[in-house]
Amino acid sequence: MDWLAEFPSLGKRDLRDLKKGIDGSFREWSRSNGDAIEAFFDPLYFFLVWLEKLLIATPWPIILLIVAGLAYLGSRSWKLALGSVVSFMLIGYFGMWKDMMATISLISVSTLICIAVGIPIGILMSRYDRVQSAITPILDLMQTIPIFVYLLPVVMLLGIGRVPGLIAVCVYAIPPIIRLTNLGIRLVDKEILEAADAFGSSYRQKLFSVQIPLALPNIFAGVNQTIMMALAMVVIASMIGVKGLGMPVLQAVQNQYLTLGLMNGLAIVALAIIFDRVSQRYGQRLQAHRYGKEHE
Amino acid sequence: MSKTKLKIENLFKIFGPKGKSFIDPVKNGMSKQELLDDHSHVLGLNNINLDIPEQRIQVIMGLSGSGKSTLIRHINRLIEPTAGAITVDDEDILSMSQIQLREFRRKKTSMVFQKFALLPHKTVAQNVAYGLTIQGEQESVAKEKSHKWIESVGLAGFEERYPAQLSGGMQQRVGLARALATDAPILLMDEAFSALDPLIRTDMQNILLELQKDLHKTIIFITHDLDEALRIGDNIAILRDGKIIQKGDPQQIIMKPADDYISDFIKDINRGKVIEVKSIMQKGSSKGASLDSSCSLEDALKVLNNEKNNECSVVDDKGKKIGKVTLDAAISALFRDKASKNKEKYK
Chain A
0 MDWLAEFPSL
10 GKRDLRDLKK
20 GIDGSFREWS
30 RSNGDAIEAF
40 FDPLYFFLVW
50 LEKLLIATPW
60 PIILLIVAGL
70 AYLGSRSWKL
80 ALGSVVSFML
90 IGYFGMWKDM
100 MATISLISVS
110 TLICIAVGIP
120 IGILMSRYDR
130 VQSAITPILD
140 LMQTIPIFVY
150 LLPVVMLLGI
160 GRVPGLIAVC
170 VYAIPPIIRL
180 TNLGIRLVDK
190 EILEAADAFG
200 SSYRQKLFSV
210 QIPLALPNIF
220 AGVNQTIMMA
230 LAMVVIASMI
240 GVKGLGMPVL
250 QAVQNQYLTL
260 GLMNGLAIVA
270 LAIIFDRVSQ
280 RYGQRLQAHR
290 YGKEHE
Chain B
0 MSKTKLKIEN
10 LFKIFGPKGK
20 SFIDPVKNGM
30 SKQELLDDHS
40 HVLGLNNINL
50 DIPEQRIQVI
60 MGLSGSGKST
70 LIRHINRLIE
80 PTAGAITVDD
90 EDILSMSQIQ
100 LREFRRKKTS
110 MVFQKFALLP
120 HKTVAQNVAY
130 GLTIQGEQES
140 VAKEKSHKWI
150 ESVGLAGFEE
160 RYPAQLSGGM
170 QQRVGLARAL
180 ATDAPILLMD
190 EAFSALDPLI
200 RTDMQNILLE
210 LQKDLHKTII
220 FITHDLDEAL
230 RIGDNIAILR
240 DGKIIQKGDP
250 QQIIMKPADD
260 YISDFIKDIN
270 RGKVIEVKSI
280 MQKGSSKGAS
290 LDSSCSLEDA
300 LKVLNNEKNN
310 ECSVVDDKGK
320 KIGKVTLDAA
330 ISALFRDKAS
340 KNKEKYK
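Listed in order, the protein sequences are those of chains A and B. First residue of the first sequence? That's 0 in numbering that gives the first Met the number 0, and the numbers climb one at a time after it. First residue of the second sequence? That's 0 in numbering that gives the first Met the number 0, and the numbers climb one at a time after it.
Worth double-checking, as some hints may not be accurate.
[Unchecked claim] Straight line, CA to CA, 30 Å or less: simulated DSS-like cross-link-like pairs of lysine-lysine:
| id | chain 1 | residue 1 | chain 2 | residue 2 |
| --- | --- | --- | --- | --- |
| 1 | A | K189 | B | K106 |
| 2 | B | K2 | A | K189 |
| 3 | A | K189 | B | K142 |
| 4 | A | K189 | B | K6 |
| 5 | B | K286 | B | K2 |
It is worth saying that the hints were derived from the structure and are not from the lab.
With the hints as constraints, model all of the structure from the sequences given.
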């Protein structure tokens, strides 16, 4: 009855060979293709560096003006705009201005990538049930797999630095926007779609004049979630050499610098709250048509 | 009788993955209940045959679950039939490709929905222009046309409002204007006024009848409300469990109900208002006053009562004598038929 006590498994030697084989071939593959892949991501790298430099080189009063302007345009709230400016000033006053600019540029670029890639995927998922059932488990995987597990092959391929950090952030942050785009389009009132069909809309017309506009509140909730998750990744991304507010937090953890960790951590929180409130208010304003301002 | 615009022949719809395989059993008499219990398929439409005349209002009436909404969605193929044929102007709808179908929906049919189905993110003007916009109509032309229809349904001044800012009745006026704006000859109305208050519903019926006087569209109007059916229908078809159990003009339905189900249906209507003298007309003529053939019994009774021998001539709309009515016939027509009277006695 020995076989009942021990689970039948692959022999130790076979297992080791298997791991070695896969590791070896991946290493081989990354060695021979690493340069090409790196070259592929070069434009991204240059854009990221350019944006970071631009943000740092721009005089701080102008940045503050832009922040106030964007916050007000997004939320139509003076309070929020003022709060954002004050937070930025405090963060700068405590010497974290440059790190904050680096983080903002990373978050902006990764959010843009997530939107550009995620929304079309979400649209495809909403159109074809098959695509939905193929992509959903991949999203589940991306959201649950320990981050270091996919950080490793990315680092093996691209080394450490901004681009692998960006990719890691995107992998982690893209699922919500895909899911909520898909969901938002699927939740559009069937009767309204039927009306669009009855008048002879093509798929494209239906998508752009009915489905996407009506799914916008949900899509925007997805954008909001994506920004939040990207911010949450800032510290982990710093482990593979991404500059920004995450780096000092990592140092603090390694050296027990309590204040340093707290200051940078709070700065990340402040950024998160500003991004969240502004984008949420903006999303709410997109639904204004749902509530009649005055009823006859 | 005017020309047939739309012809539905042997139309079946069976909902379920293997609908086609149950056509023959259903033809051989399998009931809706049997199909559902033993095979988990739903019989939506059972051998529908209907000729819909041009420029008239064809009402399709039935209670919920009778298949009337399913039927109307076959006409523009929002639902694909399991078997049968539908032709519009001798053109086969079912053999159309997706592109032809789109063109057909744009140019030949338009639709008004029970729950309005307006685009909540677009203004009244944009909603009304929707059909024109997707046809690629120039913005200025679309704007002009839609403005005209917004005016004709009495919504001038509300162009820039959003649907959520309007009451139900007003929203459905937008729905009607949107459907009329494309100038499609066939207008499909799926319980269009059922969600409205009685007073507003009457209002909308008036608007529709008033517009129809000039437009002469072929209208297919779905309703579960008999009063509405009798009021606006030139022809009525009554559906039950996916089958047409009677078709005819309103007078035929009231005077000669096909079965108990329909007698039951019509027992509560105000016969004095609905029945017209032409339905109880006899041969011959009378020396007394003349009544219009479409005069209601209620109005006719007064006239008949004042006549010496309680008789009147009936004249058609050109004033030609076509028969006579007597007071006795008018009074007996006011009573319901025996069957439904007895039923009430036993209650």
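**Message:** When the structure is checked against the list of hints, which entries are broken? Sort them ascending.
**Reply:** 2 and 5
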